[in-house]
Amino acid sequence: MIFLVTIMSTAVLFIPSITVEKAKQCAWLAVLLSMSAGLICLGLANALGKRFPQQTLVQYCELLLGKYIGKAVAVGFFLYLFVVNNIVTREFSDYISIVLMPETPIMVLNGLLAVIAVYAAAKGLEVIARVAQFILPLFLGSIIIIIGLGLLEAQPGKLLPLLENGPGPVISGALEPATLIGQIIILTMIFPMINLPQRAVKEGIIAIVWIGVLLTSLTAVTISVFGPILPGDQLFPFVTLAKHIKFTTIQRLEFLVIFIWVSGIVVKVSIFFYLESVAIKQIFGLQNNIIIFGFLIVSHTLLSTLPFNNPQETNFVLSNFWPPFALVFEFFVPAGLLAIAIIRGKKVVLRK
Amino acid sequence: MLKRFWRQAVEQGKVQSSDKAQPSDKTQPQDKAPGHQPQAPQPLSVNYDANLQALRQIFNLCPDIVFHEFIINSEEGIRAFIVYASSLCDHRTIGDQLMKSILPDSTQKGVKITKANAVEVLKEKLISLAEVDIVGDLQGVEDKVLQGNAALLVEGSAQAIIANARGGEKRAISEPDTEPSIRGPKDGFVEDFETNMTLIRRRIKTSRLKFMITEKGKLTKTKIAICYIEGVANPQVVDEVRQRIERINNDSVLEGNYIEENIMDEKFSLFPLIQYTERPDKACSCLLQGRVLILIENSNMPLIVPTTFIAMLQAAEDYYHNSLAASTIRILRFIALNMALLLPAVTVAVFSFHQELLPPPLVSTVAGARQGLPLSISLEIILFEFTFELLREAGVRLPKTIGQAISTVGGLVIGDAAVNAGVVSPISVIVVAITAIASFSVPNFEAAFSLRILRFSLILAASVLGGIGIVFGLMIILIHLCSLRSFGVPYLAPFAPLIVRDLKDSIVRVPWWALNKRPRTNRTPNVYRKGKAQGPRKPKKGGGQS
Amino acid sequence: MKNKNRILALCIILSLILYSLVLCSGCWSSKEVENLALVTLVGIDLRKENGREIWKASALVLFPQRAQGEGGQSGQLSAEKYFEGEGPTPQTAILAYSKRMSRTPFYGYISGYIIGENVARENLIHCVESVARYWQTRPRNIYFLARGQACDVLKAGGALDRLSNELIEFSDYRAAATGQSVGVYRYQLEEWLTSNDRDAVLGVIQPVPVPEAENNSGGSQGGAQSGGGQSGSSMGGNENTPMKNVIEGIAVFRDDKLVGFLNREETEGFLLISREITRGQMAIAVEKDNQMFTYFLSESKSKIKPIVNNGQISYQVTIQTKGGVNDQPGFTLGIKEIHELEEAVNERLKAKALAAIEKAKEYDSDFLGFAEALHRKKPKVWKTFGPSNWREAFTKADIEVIVKSKIVNTGTIGDKLEIQRNPE
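Protein chains in written order, with the numbering used here: chain A, 1 to 352; chain B, 1 to 546; chain C, 1 to 424.
Hints are computed from structural coordinates only; laboratory data are not their basis.
All residues carry an ideal CB built from backbone N, CA and C; glycine is no exception.
Check the hints yourself; a few may be wrong.
List of simulated lysine to aspartate or glutamate pairs, EDC-like, C-alpha gap at most 16 Å [said to hold, decoys possible]:
no., chain 1, residue 1, chain 2, residue 2
1, A, K246, B, E356
2, A, K123, B, E69
3, B, K400, B, E142
4, B, K170, B, D192
5, A, K246, C, D172
6, C, K31, B, E356
7, A, K246, C, E400
8, C, K416, C, D327
9, B, K125, B, D96
10, C, K322, C, E276
11, C, K404, C, E347
12, A, K123, B, D265
13, B, K221, B, E142
14, B, K100, B, E69
15, B, K517, B, D502
16, C, K305, C, E400
17, C, K305, C, D398
18, C, K406, C, E337
19, C, K31, A, E103
20, C, K303, C, E400
21, B, K218, B, D96
Derived DEER-like restraints, expressed as beta-carbon distance ranges [said to hold, decoys possible]:
no., chain 1, residue 1, chain 2, residue 2, range
22, C, K303, A, A335, 43 to 53 Å
23, B, I335, C, A285, 52 to 62 Å
24, B, L146, A, P192, 31 to 41 Å
25, A, P156, C, T92, 41 to 51 Å
26, A, P156, B, T178, 54 to 64 Å
27, C, K380, A, V328, 34 to 44 Å
28, B, I331, C, E86, 52 to 62 Å
29, B, L332, C, A285, 51 to 61 Å
Over 12 Å on every C-beta distance to chain A, these chain C residues come out as not near it, computed from the model [claimed, not checked]:
no., residue
30, L95
31, Q281
32, D415
Let's have the full structure, built from the sequences with the hints guiding it.
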């Protein structure tokens, strides 16, 4: 459940735009493709989790790679979490300031979001999970309503022709959603804290399938309403779709979507805050919650506000630097760790 | 935000909180307060006069304590006296029954009363009356007398016969004021402890219904009964309740809240973590769900634990009406709850941030009506909500008849006059009025208090950040709610964590034939209410009429 | 412990500051509803002076007015007021009129944009982009092309209702139904302009002088067929000759340049080929045996099928319509006769469709969506045309039109009204 909200909340907004830009009318295939990437990541997380049921990724990094390299990788993974969190925060405030409240300073939005998320993070994983569970039906409901009402206006003809330029653009378009769905790798950090790890994996699979199906149909509907080119030019096609919908007298649904989406973002950011705090505790051996969270609030508020000047820069980073960076930590690091664990396998497991 | 840090601070006990002035803290220095001497029990003496003297000393300046001296056996001239609190005892019991059976000229034959056997004989005689007990120390006599017993001390005996003559003024059972219903029993709990136990026992006639009685409050000596059904309630919860109540050490318990705030899971909670009711039927239904009832002497509202958020929306009546009707009403109430919480905030957000949300014909009407008004819509609504809360508070404090007049007339007149004078716009009057009505339809009035606080904070949030402010506010509330527990039960129970089985009796209520399991939230060891498939069935074909 | 306390205090102070920041200087984006000027319609014109562009923006604005008398009758719906401004870019032009408004203009309720003919010929992209970038606009805003100046259209105002309402009403319900014109939504125009297989069209709106009689009588309740020609009331302002707006015809674009207009006949052809009509009220005069009758078209569907034969592209357009005959000069409407009438209708509709196709070929603009159909169904064939000459896939192709119309409604009278003529 928690994964679903976590991943959906950013994916919903940006995926149609990015994939459509690259894969045109076949973007929905790209999204479908990226789902399999997510499943691979989940598989990795599961394999690692089985091997080290009592430890987080940060902890067994050190175990496998020795003290210094291990620490370095662990810090790298922490940075990954940190960057994801910053980007998500920035996306949120960018979006709000473009679509809803242009006059409001971004800093305030970032700061408030960070404070609320830390409040949740300080309460612990269970509370975050419950919040996610509570929001989930609203979240899914709003997306499904938009998709359903969008279908009324859809012209499926716009999805044709299939694979016009071969599979190339589809694959390159799949990269980005793959990195988003790949965030499921955070499961490696959560494993030791859940009672029934196997159920978590099962839910992870369900979540990925749901995400895949919803995003695919969302992309397909967006294309079949706005054609294969327009969504690529827009920053937030999903909101445009919500704005477009008019069902008898029901219209201007974008507010519903935005508000529910904001709550999803809060959940996502708070889980990342939580994981960051766990990572800090385990890497640096700090124990004081107040220092950790205070540091996180301040650093996130500043770092998500300062580096980028406008949404174009955010998008630039997102589509150029982000995928390789994310891929390293979502795929290569866990895969490498798994490989080492298998090679040195029994010893490590026995030592525990 | 601030609250969060405050709370964290308080939890860690690093900040001396002035709000923490709960009775438990206060009592510490009062342990040695006058009128209450913790000392070894002082036995009664054989000397009649010494006893009389000692008791008179104890009950000095207590005009309601009556000492009545007489002679039991005229032949031997055995003196005796009876002491009781006239305010707590039934005079007729004492006069007609007690005295009559003790006094020597009664026609009965039998053993002769001597100094030696007086106590035994009298006890035998009195046994027909009520509970009879023997106490051997002064302290005991004092306690018993103050609980409404009559104590009989006979010359030459170091024991006192305690006879129950409880009576005195008490309120008759009447219809519950706070939770009236159309269908369903009309009796309500009263302040009298025994009556309340009776009301429950009458409904649940099983020996498995247990009352664990303790006494709390060093001065008030209030009886508290932890009431549960053995085998239905979770023993861990019962134990937890008992332990938490044991922990309390204060000098007075005047109402349920004295206990409530001491045994809650959280130090500060915006929502009621303990439910209470005035209706015996509701109390019993809670017991049957596997929950625990805390009966408190002199309080007509027993506490119910554990409770969940959804209980704020449930009324006893829901179980007496047709399930479809009950479900509809519950959904209505749920909407009302949301309206009471959100309507003013949403209005502010829409009017000053997201004007696109108004339908086009409305926007020009509304904007037209608001031309030239001095206050912004957010201030207007805050001000008017404030006025309304004032009216409501005034209405509660005033005598019933005047109170109603104040709240309705005040509301109408002020609203109308304010609109006419061009101080506020009609739309904010409408919004505040609807909000008020909606908040009245939330059955739990404790919840209404928290709603008010949250409503004002949400209006503030909305006037700063519009819809985003509301969402942020709601998220904080949601996080708070998710972190709450009531005696180990997650507060948002049937929804988060999701318990599919319990959804049957949450926002909707499915018919009784489908409610065959008790709610899982209470972790009851005895899951099944009844067998399966007991629903109404159509008669088999052929049996019916043509 | 002390250290911890200090950090805690720091945190509390920090959050206090944040909170007070929010409370004191907050409310950045808040704007009170009564201080808004609700812009309902924007017109954009362009002219060149000394080789430099001068944009002229005009707007219809709704000012809410203070209620008269008791609170019961709150706010009156005021008429739309007209504003205009000029500047070197559309945005500056808009700011120029905003200055004169004394209130914040609010575009959340805007119904659409009217583009001057000159804009469409010279620099449509600039205008469309600036609209698309503004966050308060919505995909369902309507675009119309004004014949002549957009500001004249705005000045003329609405006929019975506010002009903005009329345009919404027209685009949502009557555009395709009456066969007058099309209502093009913002996202559609953008989609057409960005696509590489289809050209754009826009509905045309034009102010024309009001006939004297109509002006005096305050307007007849003209039906839909009269071409939206209701009288202008006094809303239009204080021009010397009262004008009214007529929506009729279609403007055709090639890429982003206006290339021409379609007349009534071709407009109907366009609608038949590229739109699905439901709830139609299109009255079509058909000739049979030298007598005219009306085919009242209520539903129509069309399908374009590309056929590739030895590299030769041709298209088959199938149009299916349903309609009624309520108005006829005394034919007997038996089963056989109805079939004959249907034949006549087919011919008539085919002529309309062909006229539209003819015009499209003349303008070298594929606004009917033939190339699009080829692209979708035969992407390989379509690829043989480059990005610059894709219109050849349409202009050089043969097009066959098949019309299958049905008469499903003949009104409340059976065969015919038997008029008794006195034998002479």
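Which of the numbered hints are not met once you compare them with the structure shown?
Checked against the structure, the hints that fail are numbers 2, 3, 7, 21 and 24, while the rest are satisfied.
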